[in-house]
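Participant: Chains A and B supply the protein sequences, listed in that same order.
Going by my numbering, the letters in the first sequence line up with residues 51 to 755, in that order.
Going by my numbering, the letters in the second sequence line up with residues 51 to 755, in that order.
A portion of the hints provided could be inaccurate.
Note that the list lumps identical chains together, so a pair holds whenever it fits in one copy or between two copies.
Said to hold, decoys possible - Derived DSS-like pairs: lysine-lysine, alpha-carbon spacing no greater than 25 Å straight-line: (1) Lys291 to Lys739; (2) Lys574 to Lys622; (3) Lys592 to Lys714; (4) Lys739 to Lys363.
Because the hints were derived from the structure by calculation, they are not lab data.
As the structure is a computational prediction, the values presented were derived from the model and not from experiment.
2 protein chains.
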Amino acid sequence: IHSKSKESLWALLLSISDAFSGWLLMLLVGLMAGAVAAAIDITTHWLTDMKDGVCLVGFWFNHEHCCSTSNQTTFLEWDRCPQWQSWAQLITGTSQGGFAYMVDYLMYMFWALLFAFLAVALVGAFGSHASGSGIPEIKTILSGFIFRGFLGKWTLVIKTVTMVLAVSSGLAVGKEGPLVHVACCCANVLCHHFTKFRQNEAKRREVLSAAAAVGVSVAFEAPIGGVLFSLEEVSYYFSLKTLCRSFFAALVAAYTLHSINPFGSGRHGPFDVNFHADWHPVELAPFILLGIFGGLWGALFIKANIAWCHTRKSTRLGRCPVTEVLLVMALTALLAFPNIYTRMSGEELLSKLFDDCSLFNSSLLCGYQQGNSAASRPAGEGLRTALWQLALALLFKMIITIITFGIKVPSGVFIPSMVVGAIAGRLLGVGMKQLAYHHHDWMLSRDWCSPRRDCITPALYAVVGAAACLGGVTRMTVSLVVIMFEVTGRREHIMPLLAATMTSKWVAGAFVRVGFDEALIRLKGYPFLEPKDEIEHRSLAKDVMRPRKSDPALAVLTQDGMTLGQVEALVKSTCFSGFPVVVSQQSKRLVGFVLRRDLLVAIDDARRRQKGVVSASQVLFRQHAPTQPPKAPPHLRLRDILDLSPFTISDRMPMGITVDIFRKLGLRQCLVTHNGRLLGIITKKDIVKHMAQIANRDPDSVFLN
Amino acid sequence: IHSKSKESLWALLLSISDAFSGWLLMLLVGLMAGAVAAAIDITTHWLTDMKDGVCLVGFWFNHEHCCSTSNQTTFLEWDRCPQWQSWAQLITGTSQGGFAYMVDYLMYMFWALLFAFLAVALVGAFGSHASGSGIPEIKTILSGFIFRGFLGKWTLVIKTVTMVLAVSSGLAVGKEGPLVHVACCCANVLCHHFTKFRQNEAKRREVLSAAAAVGVSVAFEAPIGGVLFSLEEVSYYFSLKTLCRSFFAALVAAYTLHSINPFGSGRHGPFDVNFHADWHPVELAPFILLGIFGGLWGALFIKANIAWCHTRKSTRLGRCPVTEVLLVMALTALLAFPNIYTRMSGEELLSKLFDDCSLFNSSLLCGYQQGNSAASRPAGEGLRTALWQLALALLFKMIITIITFGIKVPSGVFIPSMVVGAIAGRLLGVGMKQLAYHHHDWMLSRDWCSPRRDCITPALYAVVGAAACLGGVTRMTVSLVVIMFEVTGRREHIMPLLAATMTSKWVAGAFVRVGFDEALIRLKGYPFLEPKDEIEHRSLAKDVMRPRKSDPALAVLTQDGMTLGQVEALVKSTCFSGFPVVVSQQSKRLVGFVLRRDLLVAIDDARRRQKGVVSASQVLFRQHAPTQPPKAPPHLRLRDILDLSPFTISDRMPMGITVDIFRKLGLRQCLVTHNGRLLGIITKKDIVKHMAQIANRDPDSVFLN
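One chain only, chain A, in its complex shape (with noise of 0.2 Å):
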């Protein structure tokens, strides 16, 4: 009795794990790249700080880490403590002097370029699927294709090492693509351990999408906006069943992240945002105008880097990729190490542009002469050094930035786009801050902008500058929107957010008509079928579908009267990867389809273990054998692997409905009839080349693997 209870308990709990199986694999899924996402943070920012020194409590801490646990710490100076060594001083003995200074500068392009060397040494010897962010690719994979091997273990392993080196190195590179990647192999390793999902590929896709949603909401702590980017960017066919799905998952990351907690103390994200302001709605003006700047810089950026990648291919750049990132690497540590904008990272650099000078706060883009309130103070010698550093900082940051995407290291575009938006954000508020000071008598300002009231926050400007940047690139409205007000924490910044995106994905669109993503899709030509794309065009399935009336007729079996010698004959001419199976060839009545991989698989298992067939055999699709003369050979029967109900259109319906049917149902491949005959077959890759046709590109662009 006791084993039997135990049995029927086991029973029990397999019977539960596999009703919940689904909601399992989520928590594992968030659990996993949670705790990967942590590992990545605390690396990244020991190898950041690698760069400038070392703490000699132990090599392993990192800066900030190395002076909390001293307790010669002051307040104010909480970055300046013995235990903690800068290269220059552990060499030299000082930090003074030109001499400490050529030590940094030189140990900082030593480690900057060993980490760039790492990780594109590992990219070319282990793991060619990670380079670049994955997005591109998760998108045309979600689309239905499939790329062998590009979310495995090892893609997953090598993907994290070079992302983490990259990002240290200093590269104007960003985390949060590789991290949606990341997020992807992490659920498909998992994926593996679940019966249900490794056998059935839309579930799959399914977990795939609340993925990217993870890697979203571990890269912002983001949930919410997670979602919403799987849904508005990644996905193509986003089940509403997994909403809630990717939603707790994504929720799951942020919580397993936030609790090994490696944004430091007292942070609640990435960026150290801290401003608690209202706007007036004068201020659009400003922020429309930050949203045009973004617009620009996204289609600059798009034009500037697809040109640079064609280059790339045609000349020797493209033939020595460790030959490029070595060059790219020593021109970035070269001219960023004298600035201090450019030399801290691109997280770090954003968290200072995101907060708002306190009266206490004594960075140089605070020094604002001293009065009698934080508002409204006229600017001081250091703010104008920190501007002029900040120009600087955004002129080197937008040409690096194009030049360096491409390269073949992990790379996301997220971080490096809101960083040129951010400073020239900044530049923008502080221009405005002192704009209302001098002028507070103007109309426009009287009234809400006298000289005790605090009223701009050039803070502010920087969230909406890097918004409006990041969506020029991306062409994210609401996602990105609902992302900045995860991180900003204040329901009254959406308002600008949304004005300043919107804007800046319009003035993108007009002159470069798709996102970086998508263009990088193209660029690589992989058959991805644009989910938002609408064909306006007037062509008809019979304009698209094969064969065309050049080509030969249409490969098809028949249901009956076909010798075994003759279909193999057939299926050895040519290859497709299917055959329409008809009533006969004369009438052309379709009774289904058959893929050319079950029907090899099948003649060989027949020829192997069914006595007696020959290549004489008759092949029969059809349901009862029709009488035959005596002393034939054995028929073979195929109808088992007969698809009975393939998808069939019209010859006459239009492409923009057709285009329709494939992006909704999912479909590879359908078949064309005209009343009732078959006439031929639209294939997805038909139509990817149709709409490039369509858009004049070169249709011979796409990508046939």
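Got chain A; can you put chain B on it based on the hints?
Facilitator: Then chain B, alone, in the frame of chain A:
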């Protein structure tokens, strides 16, 4: 030249307005819905307060407004000022004593009955579409059906007015569902002024989806939650193109409402949420307990209310809606007045329950004994009274909510459900706080709940409870969490909210499979195909299609060979809304599909205008006319009205996939073929009936209009 440049400017403006007409429409929908919602809010506050008393300065002021203009009001007693007089004060001259109480009681009942009577009389006389919440009907409309007049101007006016009356009267109804209906009416009315949207049914539905988001956005000042609500709950095909537009409209509406500022000074939403406490993982246990309570309440409410609706239908009550409303109103008012928590409106009660106790809060709910800190004080006499009253209020609200829904006034289920949950949550929260106070040395609470720390926030329990009960009734998850997140504004609360709503959804789902809206759709028999149901059944298309085996053969036209007389006879003898056209009766090869309406118009037209067309004329659906004997009457060519690409599926198509195709492509009918021969037809109604049959419900309960 002047007039020419003027003209070209005009043309430019026209083309821009056409390109941006979608955005313009969204802007107008947002502005209109926001303004209507603001008017509703202001009027509701005024009428609600009128049940208590009147403002002597001007009868059109509500209580808060009346006293805030007075300078004799102290900070603590803002609600007592000489300008505001209760009915007893006005009539008897005193507010003390039994007689004054009776006068107040009677006046309260008088106004409540008057408002309820006006509401039901208006609904009965002018707009039967105005009763209920309207969400079930909107879901059905968005799934592709048409209710004439349901979204018209007249419904808009009547629903707005009666909704104000119903909510003000004190009936247990909320205004969230009706606000969604009102927003959709606004959108529909505005659509008529844009050619693009007036003519295109699909585009109009996209606008209605956005309007549903707007409705929730103005109800809770939660634009993101509104968009997710529309996405998750209301919309059938949510096009991602409209995501951004919906968000824009929702945001504009929320800002419009906010700038007209009906919520009074300082508040940021409909409820006065005011606490900033964190929670401890141990508290997930009571939160999940609240989830279970919410699920049980949801299941009980749906079962009991549907049973009550059936009773109503079969008894005299159903024939006298006015009597029923007055009876329910009298019962509600009679029982509600003595208890302060039931006397106030649902929104006011929620504000009170969501508000945490500060040290200076003198309300009964915060009647703790005096201590040296706000944290962990023992319960005082005031709190005990409040708890009793709340417990009675909970019982009362549960019963009255169940019998209220289904009466013929506008009624939303959101606020009443939330009230039940918030009361239960607050009771549990207060209990937990006392438990932690008296047993602060328990192991579980020792670390995080020392006597000096403020560790448990009853207001958070109220919020979680409200979400759980609303989740149990409506089965919303992500959208609900996001709405509550926007209401409280603290992302720390996302996790408890998600835990509670998910638990509540599962628990409620174990008892009643569908949410309240879908239960109503079934009760009313609307032909709605639930977008989330999966078919596990093994039926095929041929089992569902018509004609069945015992039926007469399918009525088809042939592409030639039929005379006008034969066609007319066929059309007259059947009531189908369309006819397939085949090559010949023998081959049954499908050529196209022609709509009954188009056919009748074309025949009528030909008979009147085309010379020589008589009943013996051949009707031709093919391109080239066959040769025919001389002296025969001329042909009638009808190829223009033929849809040459009707949708077809194979008779072996599994119903699971067929349903998916119907849903995703929004089909109303689909032809069924076997080996290229036309066999039958499946309509959406057949599918809805089939699904009802599978779920063991009566297929004939499906509405046939």
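Participant: Each of the hints needs a verdict: does it hold here or not?
Facilitator: Status of each hint after checking the structure:
| no. | hint | verdict |
| --- | --- | --- |
| 1 | Lys291 to Lys739 | between (32 Å within a copy, 23 Å between copies) |
| 2 | Lys574 to Lys622 | neither (31 Å within a copy, 59 Å between copies) |
| 3 | Lys592 to Lys714 | both (20 Å within a copy, 24 Å between copies) |
| 4 | Lys739 to Lys363 | within (22 Å within a copy, 59 Å between copies) |
Figure legend: structure checked against the earlier numbered hints; the only hint not met is number 2.
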